[in-house]
Amino acid sequence: MSLPHLANPAGRYRTMRLIRSFEELALEWVRSGLVVGGTHPYSGQEAVAVGVCAALDPADRLTSTHRGHGHVLAKGADPGRLLAELLGRVGGLNGGRGGSMHAADFSLGILGANGIVGAGAPIAVGAAWAARRRGEPAVVASFFGDGALNQGVLLESLNLASIWRAPVVFVCENNGYATTLPAASAVGGSACGRAAAFGIPAETVDGMDVEAVRAAAERAVERARTGGGPSFLECLTYRFEAHHTMERRFRLAYRTAEEVASWRERDPLATGLPEAAAIDLEVAELLAAAAEFALSSAEPDPATATDHLYASGLRPRSGAAL
2 MSLPHLANPA GRYRTMRLIR SFEELALEWV RSGLVVGGTH PYSGQEAVAV GVCAALDPAD
62 RLTSTHRGHG HVLAKGADPG RLLAELLGRV GGLNGGRGGS MHAADFSLGI LGANGIVGAG
122 APIAVGAAWA ARRRGEPAVV ASFFGDGALN QGVLLESLNL ASIWRAPVVF VCENNGYATT
182 LPAASAVGGS ACGRAAAFGI PAETVDGMDV EAVRAAAERA VERARTGGGP SFLECLTYRF
242 EAHHTMERRF RLAYRTAEEV ASWRERDPLA TGLPEAAAID LEVAELLAAA AEFALSSAEP
302 DPATATDHLY ASGLRPRSGA AL
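Each residue of the sequence shown is one higher than the last, beginning at 2 in the working numbering.
The set of hints was computed from the structure by calculation and includes no laboratory data. Only a predicted model underlies this, so the values are computations on that prediction, with no experimental measurement involved. Careful, some of the hints might be misleading.
[Said to hold, decoys possible] Ranges of calculated distance between the beta carbons of each label pair, as one might list FRET restraints: (1) Ala306 - Arg135: 34 to 40 Å; (2) Gly136 - Asp302: 40 to 46 Å; (3) Ala279 - Ser319: 52 to 58 Å; (4) Ala271 - Ala131: 39 to 45 Å; (5) Gly116 - Phe251: 17 to 23 Å; (6) Ala306 - Asn9: 40 to 46 Å; (7) Gly189 - Pro317: 40 to 46 Å; (8) Thr205 - Thr257: 21 to 27 Å; (9) Thr257 - Gly229: 40 to 46 Å; (10) Glu219 - His309: 36 to 42 Å; (11) Tyr255 - Val154: 22 to 28 Å; (12) Gly153 - Ala185: 20 to 26 Å; (13) Thr305 - Arg267: 42 to 48 Å; (14) Glu266 - Val154: 32 to 38 Å.
Backbone N, C-alpha and C define an ideal beta-carbon position, used for all residues, glycine too.
Please model the entire structure based on the sequences and the hints provided.
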């Protein structure tokens, strides 16, 4: 059973609009000082998160990145609780302790965003291996950017996934830049070539087209679910905003206005869906309620600052020595 909110074109557009509007609100809150530390905006890349998650079942899982709001919302997280997480409030997905780069919701299979480049990949492989050991049909999608292509941990994860035939779909969101470094000057060979070296089927897809991403993701998920092992998708996309909101203060100039404008002409939200205007109003109302929830959520009690630093209640697996 696929995710109900992404089961049709209207639902997919609605979720892309939610992600875009969420990021626009988050930008406002960063500028006003409500969100401390800033965010990594996902605007422009919505088709990747929504297209991939449209191929997943509710019991499937994902690992995310520092630019993870889109993935978390696409899998079905409550926008009010995600906003509260950005504010560091107790009503947040993780009680305000994770913030923008570490949001998670295990009940939805969201194993966490991650501030370390490429660090979600080994978690995804481990989760997929564990699910298969338990006899579960779950698939794990692992998102990462082109900046992770040269990280050893990603290459090790590709190798293990291939050896174990783990049900993982590796999703490279190639937006052309690792922070400010053009991918063309940083990646020897190609993204898909990384996967091919480990015997993993790979394909490049238009990451600005949600239906193209969904079709490719469905093929990869079906392969994983039926025992065919991992797959690799390179989604060619583009972030419309800065790498990080702090970038505006530094006034970095590594992209031309013409380049950004040309990509904006391919905005994934420009779908021409007849009901788009009505959906936009619905999303605006939803986000207004989400903002009210987040702003009314309580600040954390300083006395609880050391809670959750250590695991508790752990039980050793059968046969392990105490």
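Which numbered hints fail: none
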